[in-house]
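For this one, chain X is given, so just place chain S on it according to the hints.
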Amino acid sequence: MAGIVLEGVGKSYDGKTLAVQGINLTVADGEFVVLVGPSGCGKSTLLRMVAGLETISEGTVSIGDRVVNKVEPADRDIAMVFQNYALYPHMSVRQNLAYGLKNRKMDRAEIARRVDEAAKILEIGEYLDRKPRALSGGQRQRVAMGRAIVRDPAAFLFDEPLSNLDAKLRVTMRGEIRLLQKRLGTTSLYVTHDQVEAMTLADRLVVLNGGRVEQIGAPMDVYKRPASAFVAAFIGSPAMNLLPAVLSGGTVQFGGGRVAVGDGLPDGRITLGIRPEDLRPAAADEDGAFEMPVAYIEELGSQRLVHGSIEGEDVVCAVPAERPVGESLHLTADPALLHVFDAQSGARLN
Amino acid sequence: MVEDRPFLNFLAHLVLVIGVLIVAFPVYIAVIASTHGPDDFLSGMIPLLPGDRGLDAYRAMLTTGLSTSGAPPLGGMMLNSLIMALGVAFGKIAISILSAFAIVYFRFPLRTLAFWMIFITLMLPVEVRIFPTYKVVADLGMLNSYPGLIVPLIASATATFLFRQVFLTIPDELVEAARIDGAGPMKFFRDILVPLSRTNMAALFVILFIYGWNQYLWPLLITTDSKYYTIVTGIKRMADVADSVPQWNYVMAAVVLAMLPPVIVVVGMQKLFVKGLVDAEK
Chain X
1 MAGIVLEGVG
11 KSYDGKTLAV
21 QGINLTVADG
31 EFVVLVGPSG
41 CGKSTLLRMV
51 AGLETISEGT
61 VSIGDRVVNK
71 VEPADRDIAM
81 VFQNYALYPH
91 MSVRQNLAYG
101 LKNRKMDRAE
111 IARRVDEAAK
121 ILEIGEYLDR
131 KPRALSGGQR
141 QRVAMGRAIV
151 RDPAAFLFDE
161 PLSNLDAKLR
171 VTMRGEIRLL
181 QKRLGTTSLY
191 VTHDQVEAMT
201 LADRLVVLNG
211 GRVEQIGAPM
221 DVYKRPASAF
231 VAAFIGSPAM
241 NLLPAVLSGG
251 TVQFGGGRVA
261 VGDGLPDGRI
271 TLGIRPEDLR
281 PAAADEDGAF
291 EMPVAYIEEL
301 GSQRLVHGSI
311 EGEDVVCAVP
321 AERPVGESLH
331 LTADPALLHV
341 FDAQSGARLN
Chain S
351 MVEDRPFLNF
361 LAHLVLVIGV
371 LIVAFPVYIA
381 VIASTHGPDD
391 FLSGMIPLLP
401 GDRGLDAYRA
411 MLTTGLSTSG
421 APPLGGMMLN
431 SLIMALGVAF
441 GKIAISILSA
451 FAIVYFRFPL
461 RTLAFWMIFI
471 TLMLPVEVRI
481 FPTYKVVADL
491 GMLNSYPGLI
501 VPLIASATAT
511 FLFRQVFLTI
521 PDELVEAARI
531 DGAGPMKFFR
541 DILVPLSRTN
551 MAALFVILFI
561 YGWNQYLWPL
571 LITTDSKYYT
581 IVTGIKRMAD
591 VADSVPQWNY
601 VMAAVVLAML
611 PPVIVVVGMQ
621 KLFVKGLVDA
631 EK
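Chains X and S, in that order, give the protein sequences.
This note's numbering applies: residue 1 is where the first sequence begins, and numbers increase by one.
This note's numbering applies: residue 351 is where the second sequence begins, and numbers increase by one.
Chain X on its own, in the form it takes in the complex (with noise of 0.2 Å):
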């Protein structure tokens, strides 16, 4: 068991550009953390840089107590499950467990008892002797979670290892991985582009976005703090309310409302930020009300998603299941939960 430790880490394939840089990021041993961000971001580059499938361009890995920057990925100590599984075809699922500990010269009495136990978890226990193509994906990505688990390593890598199964598995996988990595309490580096999957999981997210962190917590203060726009922008579903807006004196001017944001903010042009789920339908004649006329319903079945523009733009809000909804919507959100970034950079101002 042991932590990994990234400082200042990039990665450039150019030499000149930079795909992923100054990546600093400790985790703790037996922590999860999950690296989100959109396709392209760096998040597969940097969990490869920790696997050793990539050389790192600058800073240092360390796993454990030991830099990792020139060793092997067979010398890690780490373990990975890949998004298309990567099981040997030609072996069976025995075969794939033991391939790793028979490389490393182990003695097959203990093979056979570590592929016995990592069966016995996964419940794979009854086709140990089939091949990987007689298997269904979700049992595929058992076998592939085998393989890591067999090894004891002192991390798990995660590659976006359930974007190939279907919506329901899944979710159902979701949690059985979230169990196991508790019971077994390895250290975890889980990649994925899927917000919910990464709040699901993390006991902390690093949201990144062109090669930058943007934001490291715990998964609530993510999501109730934004540190950016973009990540305010990012985790939620639905996604947050982003709308141009003008600050002066602690107030903006809104839809015909006016809505106070808090004191102590500079005045000038800011991005005015309101989750759909706070904001709250209000009486016409509310003090700050504004009013959204409505364009369509989404329907959840638990609750309404509202879609409507207020001065040109699209702007969500949820409401419960049963609330009948007209023509227009007179809205209203409650000031500490207004989200103000700035206009130019995005960084969070309140």
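Be aware that one or more of the hints could be misleading.
A few chain X residues that face chain S, going by a derived Cβ cut-off under 10 Å, partial list only [unchecked claim]: (1) V67; (2) K70; (3) E72; (4) P73; (5) A74; (6) A79; (7) Q83; (8) N84; (9) Y85; (10) M91.
Under the rule of at most 27 Å between Cα atoms (straight-line distance), these lysine-lysine pairs were calculated in the DSS-like manner [claimed, not checked]: (11) K120(X) with K102(X); (12) K105(X) with K131(X); (13) K131(X) with K102(X); (14) K70(X) with K105(X); (15) K105(X) with K120(X); (16) K485(S) with K586(S); (17) K537(S) with K105(X); (18) K168(X) with K131(X); (19) K70(X) with K537(S); (20) K102(X) with K537(S); (21) K131(X) with K537(S); (22) K70(X) with K102(X); (23) K577(S) with K485(S); (24) K182(X) with K168(X); (25) K224(X) with K182(X); (26) K131(X) with K621(S); (27) K70(X) with K16(X); (28) K625(S) with K131(X).
With beta-carbon atoms standing in for the labels, derived distance ranges [stated by the list, open to error]: (29) E298(X) with A464(S): 57 to 63 Å; (30) A444(S) with D203(X): 49 to 55 Å; (31) K485(S) with S92(X): 50 to 56 Å; (32) F456(S) with K182(X): 39 to 45 Å; (33) G125(X) with L412(S): 56 to 62 Å; (34) D65(X) with T462(S): 39 to 45 Å; (35) N359(S) with A112(X): 55 to 61 Å.
Simulated from the structure, these hints should not be mistaken for laboratory data.
C-beta: ideal position from N, C-alpha, C; glycine also.
For chain S alone, kept in the frame of chain X given last:
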């Protein structure tokens, strides 16, 4: 397209049957001729029914040979052909799978150049480079030897290219998983690549075995000692006797016998062969 058009069905079958007859008829004639006496085929009338000699010609060819044409018993020549064909097939597979492995999985200077140089040798089959090759083999003292028969034929651009294509279909993730599982390059080659290209190797083996078995020009050039004659050149020597009439019944018996090993290889490996050509699962 599934259609039931009786006339088209008939036409298709007619073409196929004609094709089969065209291929099979000479073989039939060869078998028939081997059962007749030596003169029956010189009368101008080719018999179409088995003669009265039964398997005499085969027995003679396998035991005593045909001294008048300087042909030793067929057993030795068949063995030579077998050694050559197996040597060429295994040698080609071994060399080309290794060079494809190098080209696909290793980054070394001039890698692309190396690939194209191998590729260009496609344009230089044995027949084109036969004199320089003969000179090299002669200088190395490999005339009248098995290595002389085999080694000049085992470099193969086609097979290298085929293995390269096979390796390119193997996902990178598999390579990376093997790296994390602690498999070094040679272990990866032995444990992953070779098993995954097994069917391709089998298909290639069939083609290359027949290629090696049917070699004519090269063995003809470098073997002067009857100990190293191959069956294909042997048949030529039998049919080419000086100052007498070729003994067609014996020649045809030899032809039929020479056909058997390739047939056995094709029939025996048919399943793997087809699988190797169509199997896309990796």
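Item to check | Violating hint indices (sorted, rising) | outcome: 1, 2
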